[in-house]
Amino acid sequence: MAIDPRFFDQVGADTVEAWAKGSGAKCVGEGTGAVTGVGAASTALAGDVAFFEGAAKGLGSISVKAAAIFVSEEHVEGVPDGVTALIHDQPRLAFFAMASRAIRRKTIADQAERIHTTAAIHPDAKLGPGVVVGAGAAIGAETVIGANTVIGPGVQIGMRTEIGPNASLQCALIGNDVKILAGARIGEAGFGVAPGPEGAEDSPHFGRAILQDHVTLGANSCVDRGAFDDTVIGERSKLDNFCQVAHNCQLGRNVVVAAFAGISGSVTVRDGAMLGGRVGIADHVTVGTGAQLAASAGVFRDIPDGETWGGTPGRPIRQWMREVAWLQKNAGGKKKAAREPKEG
Amino acid sequence: MAIDPRFFDQVGADTVEAWAKGSGAKCVGEGTGAVTGVGAASTALAGDVAFFEGAAKGLGSISVKAAAIFVSEEHVEGVPDGVTALIHDQPRLAFFAMASRAIRRKTIADQAERIHTTAAIHPDAKLGPGVVVGAGAAIGAETVIGANTVIGPGVQIGMRTEIGPNASLQCALIGNDVKILAGARIGEAGFGVAPGPEGAEDSPHFGRAILQDHVTLGANSCVDRGAFDDTVIGERSKLDNFCQVAHNCQLGRNVVVAAFAGISGSVTVRDGAMLGGRVGIADHVTVGTGAQLAASAGVFRDIPDGETWGGTPGRPIRQWMREVAWLQKNAGGKKKAAREPKEG
Amino acid sequence: MAIDPRFFDQVGADTVEAWAKGSGAKCVGEGTGAVTGVGAASTALAGDVAFFEGAAKGLGSISVKAAAIFVSEEHVEGVPDGVTALIHDQPRLAFFAMASRAIRRKTIADQAERIHTTAAIHPDAKLGPGVVVGAGAAIGAETVIGANTVIGPGVQIGMRTEIGPNASLQCALIGNDVKILAGARIGEAGFGVAPGPEGAEDSPHFGRAILQDHVTLGANSCVDRGAFDDTVIGERSKLDNFCQVAHNCQLGRNVVVAAFAGISGSVTVRDGAMLGGRVGIADHVTVGTGAQLAASAGVFRDIPDGETWGGTPGRPIRQWMREVAWLQKNAGGKKKAAREPKEG
Chain A
106 MAIDPRFFDQ
116 VGADTVEAWA
126 KGSGAKCVGE
136 GTGAVTGVGA
146 ASTALAGDVA
156 FFEGAAKGLG
166 SISVKAAAIF
176 VSEEHVEGVP
186 DGVTALIHDQ
196 PRLAFFAMAS
206 RAIRRKTIAD
216 QAERIHTTAA
226 IHPDAKLGPG
236 VVVGAGAAIG
246 AETVIGANTV
256 IGPGVQIGMR
266 TEIGPNASLQ
276 CALIGNDVKI
286 LAGARIGEAG
296 FGVAPGPEGA
306 EDSPHFGRAI
316 LQDHVTLGAN
326 SCVDRGAFDD
336 TVIGERSKLD
346 NFCQVAHNCQ
356 LGRNVVVAAF
366 AGISGSVTVR
376 DGAMLGGRVG
386 IADHVTVGTG
396 AQLAASAGVF
406 RDIPDGETWG
416 GTPGRPIRQW
426 MREVAWLQKN
436 AGGKKKAARE
446 PKEG
Chain B
106 MAIDPRFFDQ
116 VGADTVEAWA
126 KGSGAKCVGE
136 GTGAVTGVGA
146 ASTALAGDVA
156 FFEGAAKGLG
166 SISVKAAAIF
176 VSEEHVEGVP
186 DGVTALIHDQ
196 PRLAFFAMAS
206 RAIRRKTIAD
216 QAERIHTTAA
226 IHPDAKLGPG
236 VVVGAGAAIG
246 AETVIGANTV
256 IGPGVQIGMR
266 TEIGPNASLQ
276 CALIGNDVKI
286 LAGARIGEAG
296 FGVAPGPEGA
306 EDSPHFGRAI
316 LQDHVTLGAN
326 SCVDRGAFDD
336 TVIGERSKLD
346 NFCQVAHNCQ
356 LGRNVVVAAF
366 AGISGSVTVR
376 DGAMLGGRVG
386 IADHVTVGTG
396 AQLAASAGVF
406 RDIPDGETWG
416 GTPGRPIRQW
426 MREVAWLQKN
436 AGGKKKAARE
446 PKEG
Chain C
106 MAIDPRFFDQ
116 VGADTVEAWA
126 KGSGAKCVGE
136 GTGAVTGVGA
146 ASTALAGDVA
156 FFEGAAKGLG
166 SISVKAAAIF
176 VSEEHVEGVP
186 DGVTALIHDQ
196 PRLAFFAMAS
206 RAIRRKTIAD
216 QAERIHTTAA
226 IHPDAKLGPG
236 VVVGAGAAIG
246 AETVIGANTV
256 IGPGVQIGMR
266 TEIGPNASLQ
276 CALIGNDVKI
286 LAGARIGEAG
296 FGVAPGPEGA
306 EDSPHFGRAI
316 LQDHVTLGAN
326 SCVDRGAFDD
336 TVIGERSKLD
346 NFCQVAHNCQ
356 LGRNVVVAAF
366 AGISGSVTVR
376 DGAMLGGRVG
386 IADHVTVGTG
396 AQLAASAGVF
406 RDIPDGETWG
416 GTPGRPIRQW
426 MREVAWLQKN
436 AGGKKKAARE
446 PKEG
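Residue numbers (my numbering), protein chains in the order written: chain A, 106 to 449; chain B, 106 to 449; chain C, 106 to 449.
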């Protein structure tokens with residue numbers, strides 16, 4: 106993914122050679138290609154640097170488009186032709202460290218004025234007292250921003266969008282007719298931890314957070330930006346308060362999400378799915394079109410289109426309810442059971 | 106419920122006739138009554154407009170006091186005498202659209218100054234730097250407001266109340282000796298989604314959020330305003346961080362709520378009830394006086410006074426514990442079971 | 106624990122005698138010792154006042170170092186020699202009331218200017234627009250503070266630390282290279298409720314919140330300050346969004362905590378433990394070194410070093426999975442079960 110220059114600055118390291126030099130990696134291949142972005146190994150695009158770690162059988166999935174890839178010595182033969190290998194003992198950490206140095210997120214803390222002079226704010230937009238707007242940000246007509254909300258550098262906001270007070274947005278593209286309630290956090294770094302020589306290290310995040318038209322996001326909810334891809338919430342999806350949408354998630358259209366949903370990294374939720382309160386979804390899971398998850402479900406596998414699941418670990422709701430009823434019946438305690446109506 | 110003019114402006118549409126005209130509904134009945142508010146079909150008061158959708162058997166519950174009610178053609182005969190019928194193919198959506206146009210929430214984004222000149226702030230109140238106070242808001246003696254907190258238009262706050270930094274309040278009435286910790290969100294729109302012709306639509310919320318005397322609300326917690334009624338937290342109720350109190354909830358006095366409680370719309374929690382950490386309560390449920398919910402309980406039905414429930418779906422705690430123990434015993438794995446003490 | 110004068114002022118009551126007088130307690134013992142802090146009964150240090158309630162057998166654990174202790178008449182004989190007894194019908198409430206009067210948290214609402222003149226801000230630190238910094242706070246070199254964030258009086262922040270927008274910190278000591286994401290709340294009062302004559306009363310909190318070097322804390326997460334001790338998050342521990350770390354918790358080094366963790370009061374989590382999403386831990390529990398808790402686990406007892414637990418109530422993960430599989434098999438519904446792969 107090419108770095109979005111509205112949100113990130115590439116500082117110097119714009120060739121594979123520079124990445125090799127900066128990271129101390131041994132460079133096998135052409136080594137002079139232009140670097141314009143970073144990516145995941147399997148989806149890296151032209152100009153991207155990536156890293157590979159893991160079992161050798163995964164080498165086949167390395168993108169042939171990547172400019173360069175950090176790998177360990179033992180894996181160098183598996184790097185596709187045309188992709189420069191950057192050989193390092195710790196490919197992931199070397200990549201993270203170099204990427205963090207080469208790509209710098211623009212920060213609102215660099216500016217002295219509340220509304221940056223380069224921000225493009227439509228005359229019909231309304232900004233409450235204390236609103237801060239970063240360099241290069243854009244705010245459309247009839248959009249309303251609540252008091253003390255912070256719009257980071259480069260953030261683009263459409264028309265007729267309403268943002269509550271004390272919210273903060275960065276690395277974000279926001280559509281038209283969006284509602285973002287008070288205290289929501291959009292575009293923060295996702296959560297990823299890698300073991301390093303001195304202990305736990307944060308994984309950097311270079312993607313964006315995108316809320317399409319007519320999305321509603323509840324109070325104090327969070328939508329993290331992607332790692333190497335974008336986090337996207339599709340048109341007319343509606344999320345309640347306290348929802349967590351982690352890095353790289355893809356929510357479709359008309360997805361309805363009740364409070365306290367925990368949608369882990371790289372989850373896909375297809376159009377029209379409905380998530381009850383406090384649903385948890387493990388990373389990389391896909392929830393099918395029109396699927397429904399009962400309140401408090403914890404799902405660790407893909408949910409087929411149109412099915413309703415519940416329980417933890419999640420299972421088809423009828424199965425879950427059968428298990429609940431069977432257990433209640435068989436665990437005895439007749440008097441109590443008699444007091445319980447059957448629909449429980 | 107009459108619209109509270111401290112929080113909402115009624116723009117023009119102050120007769121049933123105007124609502125019919127504005128929404129394109131066919132008006133059957135007198136059609137000239139004054140409109141002063143909106144309500145739910147069953148509890149609408151004089152001057153209220155409401156809507157009815159659903160099975161015909163529900164028609165009997167329509168309030169005879171309502172000024173007018175949006176209904177489909179097939180239900181017009183069921184509308185009580187004296188209530189004007191506003192006939193529309195999509196009663197709910199027509200009502201929502203018209204109500205959203207006719208009743209506008211006052212917004213802090215309309216003002217340029219941090220402290221509005223019409224705000225009534227007691228000279229003994231203390232406001233931190235960056236605090237924003239809306240038009241017509243009132244703040245009592247010895248009340249302390251943390252830095253960068255936003256007090257919306259018309260919000261009334263009593264005496265000796267303490268509000269932390271970066272909180273936001275709107276459409277809210279706050280008593281004396283209340284504590285609201287940092288980042289709490291009070292009076293945001295509740296979560297409600299209705300299907301519309303273009304996809305999911307938000308339900309509008311015209312009620313208020315009320316925190317009575319001596320209430321404590323934890324950091325980053327949310328209390329949404331009601332839809333057509335108020336959300337109320339009774340005297341001396343104490344809520345931890347990350348609590349969600351949805352629209353129309355009624356919490357009694359001395360209710361104690363640990364972190365991550367998810368109290369869904371229109372839930373009633375009676376005096377002295379205690380909710381453990383991460384309790385979830387489905388909408389319209391009543392939790393009885395002095396009832397207790399064990400940590401992580403997910404309840405979908407009314408809880409009788411004084412009882413203790415746990416598990417998901419919630420059941421009396423002894424039954425839940427018996428089921429847990431029975432399952433552990435019968436699922437085998439003797440060696441592991443032996444390692445487990447019995448009190449688990 | 107001696108009161109940290111950076112965060113709290115002791116107003117007058119600096120002798121045991123003054124505490125007796127102020128609270129109306131009957132003073133048995135020397136009664137003239139200096140009071141410099143408050144503590145829990147069992148861990149009170151020299152100069153501390155504490156309270157004792159409960160069964161008489163607990164009297165033996167009262168710290169012999171305490172300056173004075175509130176007790177009921179019946180327990181006065183159990184107070185250690187050298188500790189003054191402050192006899193009161195309601196020891197806890199008397200102590201809370203007197204402590205709350207005698208020890209006042211410094212508040213940002215007392216200052217008019219955004220950046221207090223006594224704050225020590227390194228010239229290489231960057232503060233975004235709208236940042237508020239309290240009296241006596243210190244911010245180290247190359248530290249970056251996001252817009253509209255509030256740094257309370259006396260808060261100490263190290264070097265190269267990055268704090269997002271709209272966060273708030275008070276009663277906090279923050280190390281070097283720490284990352285605190287947007288909307289995080291650090292150092293708020295913990296949650297504690299005691300029954301009083303008029304209903305529920307909040308327990309006061311006089312401790313601090315400490316984040317050691319290289320800690321990362323996710324967006325909208327909360328770390329409460331301790332009651333009489335500190336809440337501590339050890340070096341390189343990494344916490345996701347929506348994490349709750351309650352008063353007095355002690356997290357070790359390299360602890361990894363996924364979103365929605367609910368870590369109750371006085372929990373200990375040892376080095377290298379990993380908590381999956383939405384893990385709940387009951388108060389006073391210890392999670393052992395390198396232990397792992399599966400997503401959604403709810404644990405009510407100590408977890409041994411290195412073990413992996415899951416389920417609610419928590420049990421060793423193999424046991425939990427065996428129970429899940431056994432229940433699924435025995436509750437019947439063959440057709441559905443056949444559709445389910447076995448790894449679930």
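Quick caveat, the hints were computed from the structure, so don't treat them as lab data. In this text, all values refer to a predicted model and were calculated from it rather than measured experimentally. Cβ atoms here follow ideal geometry from the backbone N, Cα and C, with glycine treated the same way. Any given hint could be a false lead.
[Stated by the list, open to error] Here are some chain A residues pointing at chain C (derived, C-beta under 10 Å):
| hint | residue |
| --- | --- |
| 1 | Glu-182 |
| 2 | Asp-186 |
| 3 | Val-237 |
| 4 | Gly-301 |
| 5 | Phe-405 |
[To be verified] Which stretches of chain A does chain C cover? Using the computed rule of at least three CB atoms under 8 Å from a CB of chain C, they are:
| hint | stretch |
| --- | --- |
| 6 | 135-146 |
| 7 | 288-300 |
Outcome of the hint check:
Interface hint at Glu-182 (chain A): violated, since its Cβ lies 33 Å from the closest Cβ of chain C, which is beyond the 10 Å cut-off. The beta carbon of Asp-186 (chain A) comes no nearer than 37 Å to any beta carbon in chain C, farther than 10 Å, and the hint placing it at the interface is violated. Interface hint at Val-237 (chain A): satisfied, since its Cβ lies 4 Å from the closest Cβ of chain C, which is below the 10 Å cut-off. Because the smallest distance between the Cβ of Gly-301 (chain A) and any Cβ of chain C comes to about 9 Å, under 10 Å, the interface hint for this residue holds.
Hint status for Phe-405 (chain A): holds, given a least beta-carbon distance of 8 Å to chain C, under 10 Å. Beta-carbon proximity to chain C at under 8 Å applies to 0 residues in the stretch 135-146 of chain A; the threshold of 3 is not reached and the given coverage is violated. Under a criterion of three residues with beta carbons nearer than 8 Å to beta carbons of chain C, the stated coverage of the stretch 288-300 of chain A is upheld, 6 such residues being counted.
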